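Line by line, the protein sequences are chains A and B. The numbering of the first sequence is UniProt numbering, which starts it at 1 and goes up by one. The numbering of the second sequence is UniProt numbering, which starts it at 1 and goes up by one.
In case anyone wonders, no lab produced these hints; they're calculated from the structure. Heads up, some of the hints might be wrong.
Which copy is meant is left open, so a pair is good if it fits within one copy or across any two.
To be verified - Here are the computed lysine-lysine pairs in the DSS-like style, where the Cα-Cα straight-line distance is at most 25 Å:
(1) 22 <-> 213
(2) 302 <-> 437
(3) 124 <-> 50
(4) 76 <-> 195
(5) 345 <-> 214
(6) 22 <-> 214
(7) 437 <-> 260
(8) 68 <-> 298
(9) 349 <-> 294
(10) 53 <-> 256
(11) 76 <-> 345
(12) 256 <-> 195
(13) 86 <-> 294
(14) 124 <-> 95
(15) 437 <-> 349
(16) 108 <-> 76
(17) 22 <-> 256
Just so you know, these numbers come straight off a predicted model, no measurement behind them.
What follows is each chain in one-letter form.
2 protein chains.
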Amino acid sequence: MNLINYGERFFDELEIAKYRRKEVSVDVELNQISMSSVGYRALTVIRGIKDKKIGIFIVDSDDEGEIKRGIEQAAKNAMANERDEKWVELPKEQKYNAPEIESNYEIKDASPDFFVNLLNDAIKDVRTRDKRAMVAGGAAGGSWLEMRILNSHGIDIMQEFGSTFMYLYVAGRMGNSVTPGIMDFDVRRDMNLDKNFIVSSILEKLKYAYTMKKSNKTEGNVIIEPLALAELLYFTLIPAINGERKVKNTTPLSDKVGQKILDEKITIYDDPWHPISTNPIIADDEGVAARVNKIFEKGIFKGFLWDNYWGNISGEGSTGNGTRNFSTGGIGIGVHNLVIESGNKEKEKLIGEIKDGFLISGFQGAHSSNPDTGDFSVVANPAFKIEDGKLVGSTVFMLSGNVYSLLGNVADISREQRKIVVMGNGVMPDMLFENLKIAPVSR
Amino acid sequence: MNLINYGERFFDELEIAKYRRKEVSVDVELNQISMSSVGYRALTVIRGIKDKKIGIFIVDSDDEGEIKRGIEQAAKNAMANERDEKWVELPKEQKYNAPEIESNYEIKDASPDFFVNLLNDAIKDVRTRDKRAMVAGGAAGGSWLEMRILNSHGIDIMQEFGSTFMYLYVAGRMGNSVTPGIMDFDVRRDMNLDKNFIVSSILEKLKYAYTMKKSNKTEGNVIIEPLALAELLYFTLIPAINGERKVKNTTPLSDKVGQKILDEKITIYDDPWHPISTNPIIADDEGVAARVNKIFEKGIFKGFLWDNYWGNISGEGSTGNGTRNFSTGGIGIGVHNLVIESGNKEKEKLIGEIKDGFLISGFQGAHSSNPDTGDFSVVANPAFKIEDGKLVGSTVFMLSGNVYSLLGNVADISREQRKIVVMGNGVMPDMLFENLKIAPVSR
């Protein structure tokens with residue numbers, strides 16, 4: 001508490017957040033290991049408040065002298081600023097209720113070698129099993145994060161996590177052209193990355209990618225796979241559950257708590273401790289105790305996510321969703337691990353029961369969705385045509401609509417879930433929608 | 001040469017590039033100092049070649065043990081790869097011809113304080129001089145880079161540079177709405193950032209931003225300011241002079257060396273040692289001697305820029321334009337400081353002589369230009385209407401065309417030049433174009 005005491009000379013309230021990260025990463029380009037790397041970063045963020053004036057300082061170091069100089073600089077920054085009359089206070093001391101989840105120290109010591117071998121084996125597998133296939137891109141690696149959050153109200157929480165990832169992006173040669181690229185991945189909190197699953201899943205889809213099916217249908221039964229679902233929700237639903245947007249009145253859910261918004265088959269919660277979560281945090285970036293927050297229960301909207309600042313303003317209090325922006329040092333409201341509850345039917349069965357429809361693996365253009373309304377207009381790519389319960393070829397089409405209408409009418413949800421980290425952090429099933437309106441793409 | 005000797009056990013050829021960077025930065029948001037930061041980074045990139053197989057390893061460290069382990073890892077990466085039959089060799093020992101340019105050590109020791117005060121003074125100036133103005137964003141800071149490039153052919157070159165920057169982004173309140181944002185900046189290799197120039201230049205333009213002039217003209221005399229010019233060239237002309245594109249035949253300039261391509265008023269060269277350049281390098285990222293490369297002389301295309309790899313393949317040799325990508329560790333072809341030679345007339349006179357026309361300060365959408373053809377379609381914003389030699393209000397319009405047609409017919413070039421770092425690195429004048437076709441924007 002030495003540094004906190006030092007800081008109290010300058011501030012009414014003070015927070016010191018220290019992060020140390022080690023990252024090992026190996027990249028693949030055109031069937032080759034293009035590079036491997038080991039990255040280290042120590043980062044300390046100081047946030048101090050004096051007379052409701054806020055000062056923030058960031059330094060790439062955890063050296064005591066640097067932090068002391070940083071505290072002084074943060075105080076000078078604060079002095080130069082105007083009062084933020086909305087400021088209430090930093091979080092109070094907390095009780096932490098996280099379940100005991102053991103860190104995997106193998107990840108901390110992982111060498112690039114391990115991932116080089118894994119990727120090389122995967123490249124060989126892909127090219128042996130499909131002579132026309134090439135691994136256009138890919139990567140694998142591990143990251144280890146240690147964080148300690150201290151504040152002048154007595155918060156002092158230390159935590160550490162490791163996770164690993166691997167993805168491959170594969171295309172098939174067809175004369176002078178190539179198939180749409182097919183991607184699959186694995187993300188874990190241990191070293192058991194499932195190379196065989198990734199390769200098999202990609203090659204299974206690649207088979208159909210060689211046959212391009214023109215889509216001139218305007219309606220069909222559609223399965224949206226976990227990654228595509230995450231891409232869509234990240235730009236539509238996730239902003240809408242952010243408490244800051246409730247205060248500023250820029251979410252369509254503003255006065256909808258307790259109302260049925262989505263299909264009753266849908267239950268969504270933010271659960272850092274889900275069995276396949278890769279960040280089972282004890283506390284958020286402000287030291288507030290992490291928890292499981294229900295967001296939709298059987299379609300009924302249960303409430304917003306809050307950090308300390310906006311939670312204090314609204315009177316709802318923090319839900320443990322304070323997330324630090326490492327460029328600005330500031331705290332925003334973030335999802336830790338958005339879980340959509342799984343259904344009962346196997347994905348294979350969902351596909352098997354479709355007579356004439358589509359499977360969507362990814363969306364393009366989701367970033368231009370409108371979070372204020374939930375409206376979106378995206379290109380389904382890669383996507384596949386399903387006939388008589390079987391994939392028969394790849395296709396591309398447009399899907400326009402509104403996320404609340406879409407999720408207001410879900411036909412079924414798969415039993416399987418996937419851990420997603422590309423667009424936000426989540427655990428997502430496949431979802432089946434019946435008689436969805438689609439539009440052909442002119443290509 | 002210890003580490004090079006160590007690496008020669010594993011490789012036929014070897015390059016070790018070490019970078020140390022210190023960055024001080026202060027950010028402004030809504031009239032406030034939102035944060036200040038001090039960043040440190042040490043980075044070593046190892047590139048080794050064995051039997052024409054290339055291995056690259058990156059580590060956030062300059063520790064000898066880490067680098068030795070990195071050399072071993074790079075060797076393993078290389079072994080796993082296929083031969084690159086196009087590989088010739090790493091650069092040979094060089095003679096360096098750079099002029100003596102002294103580094104400014106004040107920048108190395110600069111504290112955030114200096115920039116906090118500068119920004120606070122600027123914010124005060126802006127708000128005092130225009131009560132409706134608010135500083136929506138801005139930043140100032142300094143960066144110090146030390147780099148050392150070593151290779152097994154005897155290259156061992158050490159260099160260091162410092163530079164400072166400051167920019168402000170200001171909008172004016174008009175009832176419930178705001179004016180288009182006006183930005184200006186300064187970039188230097190000393191500490192004398194010209195706050196007064198930035199503030200005055202912004203407020204001068206802001207005066208006209210309060211008056212929105214609808215533009216229904218379809219043609220006019222247009223001045224494109226330095227930053228807007230850089231934005232356009234970065235996505236059209238600069239890719240076209242890249243030697244890799246010549247080898248791959250993806251530039252419209254492929255077989256045009258010696259031909260007149262641009263207006264004879266235009267002379268363009270890449271000059272790292274220009275008096276207002278902020279990176280007066282002695283050698284590029286491969287240790288190849290830096291030089292001044294003529295690109296267009298009085299409109300005639302003089303030749304492409306090359307790094308070692310593509311220069312060897314083409315037989316033209318490196319022009320000292322090898323630039324390291326810090327994410328991949330690889331080398332690409334980059335411009336160090338693209339200079340467009342200035343003209344004779346003062347900018348004020350250029351404006352003064354326009355009866356009915358436009359001044360363009362920035363472009364939106366330049367990134368979707370087509371570098372293979374030079375075609376572009378951009379929105380001029382911020383832009384200003386000129387009547388009888390005076391700015392009379394702000395406006396927005398579209399400009400579509402081809403960069404070679406545009407630069408094939410230049411009416412005049414300003415005497416003043418600005419140092420640009422936002423889009424590539426350059427020194428740009430203002431350019432006047434007569435009877436340019438424009439299109440209204442529906443907003």
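Which hints, by number, does the structure contradict?
-> 1, 2, 5, 6, 8, 9, 10, 11, 12, 13, 14, 17
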